[in-house]
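> Single-letter residue listing:
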Amino acid sequence: MKPTNRNGLTRLFYNPTARSLFFQALVLGGLLWFVLTIVGNVTTNLNARGISSGFGFLSQPAGFGISQSLIEYNETFTFGRTFFVGLLNTLLVSAMGVVAATILGVFVGISRISPNWLLRKISMVYIEILRNIPLLLQIFFWYYVVLQTLPRPRDSLSFGETIFINIRGVFMPKPMAETGFALYVGLLVAAVVGVIFLGQWAKRRMRDTGQQFPVFWTSVAILLGTLVLGFFITGRPIALDYPELRGLNFRGGMSLIPELIALWFALTIYTSTYIGEIVRSGIQSVSHGQTEACRALGLNEKQRMNLVVLPQAMRVMIPPMTSQYLNLTKNSSLATAIGYPDLVSVFAGTTLNQTGQAIEIITMTMLVYLTISLLVSAFMNWFNKRVALVER
Amino acid sequence: MKKIATLVGAAVAVTAAAGVNASTLDTVKNRGAVQCGVSDGLPGFSATDSAGRWQGIDADFCRAVAAAVLGDAEKVNFVSLTATERFTALQSGEIDVLPRNTTWTLTRDASLGLNFTGVNYYDGQGFLVSKELGVSSALELDGASVCISSGTTTELNLADYFRMNGMSYEPVLYDTSDQTAAGFEAGRCDILTSDQSQLYALRLQLSDPDSAVVLPEVISKEPLGPVVRQGDDVWFNIVKWTLFAKVNAEELGITSANVDEMTSSNDPSVQRFLGTSGNMGELLRLDNQWAYNIVKQVGNYGEVFERTVGTGSPLNIERGLNALWTDGGLQYAPPIR
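Chains A and B are the protein sequences, given in the same order.
Under the UniProt record's numbering, the first residue of the first sequence is numbered 1, with each subsequent residue one higher.
Under the UniProt record's numbering, the first residue of the second sequence is numbered 1, with each subsequent residue one higher.
What the hints contain is simulated information worked out from the structure, not anything from laboratory work.
Beta carbons are placed, not taken as given, at the ideal position from N, Cα and C, and that holds for glycine.
Label pairs and their calculated CB-CB ranges:
1) B:R163 / A:R246: 11 to 21 Å
2) B:P216 / A:P151: 22 to 32 Å
3) A:L157 / B:G320: 36 to 46 Å
Just chain A, same shape as in the assembly (with noise of 0.2 Å):
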């Protein structure tokens, strides 16, 4: 048979590639027009129905007080500067949580597979009664049936007189950088510099010439000793600012607030027995052939642990453990129930509120958990990746 003679449009109609690229093309373009028919709309109802509209508002002055900011603050800045204020708030109790919720499910995790009977068994009560209590109920349980059972600031715990615990929050002594400071941060700095040297020497050598040198202990004796020797050195650069009851109020100092504390034992608590069970079985994953082969090899408990079972647990932990803390990332939007000042409490709640402009307000805040939870996801991938299985 003769071949057809196609014509430029035919031929181009029969590429693959030229037509999936038209596809393409056509749904971006459906879908462009989409959003912006959705955007046109909105501001066309909303001029008509006489709301304003606009990011304007975020030059205006705000008038209100916030009760913990990290950001310098007070009701002349703007609602522009709500927005960070709450954000920071916001990932300050995350950054907490996850840290904490990461040690104690760790612990959890392997109590949970611990040869104690009484540990393995208390640790497995612990997961199964707190997972399923829903978070909302443990952020309210220790907001008000922990911490506000706590005395007034006349009667309050005291420490030492240097730590005050009431309910309204804890007051610690606040350091204050003097004359100093720069040069002592400069030795610290320079001891964790040293200690991580010191790490990839022993690592050499230990490679090169078999022999064992203990990085731990050297690594804490170098830190502690400049922390302790160099404070004296550079002539006690740190100051403190104690706290004391002037008033109605604890004055100076610095204080945790109990919305903030609620917040962050719930929210640690809560993430920690599912880490805890993401721990279990990711070491549980590792198979028991594996730890004969290393006692075989004569390695011992600790070894075995850190060289062979972990590493390869890790493979198997890190996915989930990353939808964890994107979980109590967002969770600790919760922080609303109790009035801790986070993004949608002070952003997405007053600054809402007092400005009335619910779309611009909630795109904002939604694209900001978005972001966040796309940046902790692109780490924990980038972290995965890291650690996995680089198959040859």
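Since the structure of chain A is already known, use the hints to place chain B on it.
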């Protein structure tokens, strides 16, 4: 989260509402009930009693609107809203009218796409402090922790007041007034600030009301009134005149008890009011009996006030600014003619 759901719902509703311009009056008539936004439980204004019935000056305003529009004060669907949810609920059409102890301010009137219809309670912001603090004036409150309901004008007034007097404070924000009162009672804060009427109401909710006092300072003007959506003038007029009708009824001496006798009155003002002469109701596109229904089924302004927040209620608040203009108060309504 209910709040987020409402907000997202609102966003979707605003998005979807292109060209939908059915008048609120028709919507209400077709539905056979008024969707009325009230608080999440504030005694005297809107709170459910032991039988689950909404009581209070705001709840009764909902009933007055239903009586005027539908002829039956019971045809109300009460929608309980937090301070943060209320405007979005109204903007999105979830409710028809919002008489939720809401302060009339320029920002709210001009930028939210809403209209305030008048003032049904003149209030001012005050402070509730625990007696053991030994404070007698708000100027002694430097450094205090303050419990507030979030998203209210109260928050802004508080910031202004403390800044103006060079004092510092720690705001502790709660979502509902119950939580705010619980936080205050537990000692999380030294003072609770809100509109004075609410302070009296919240004080009653404490386990020991005598342990707290309301400070004499009033730091702001808080005219509270019903709100409707902008752009529907028919509905705006109906709600506005429902408010005026209640005040006019008190001024004319028409009460729920004597309204039937008054129908035979030969006072032309009373006749116009009760619809025995003229076509006042029709001008509002309502039944001519609209005002009669309000007074008969709900009562005049004074009756409602005494029953819900006044001396006939546990709150025991004096009429004060809320007395009729003829008694030295501020309640004044344009004439029905």
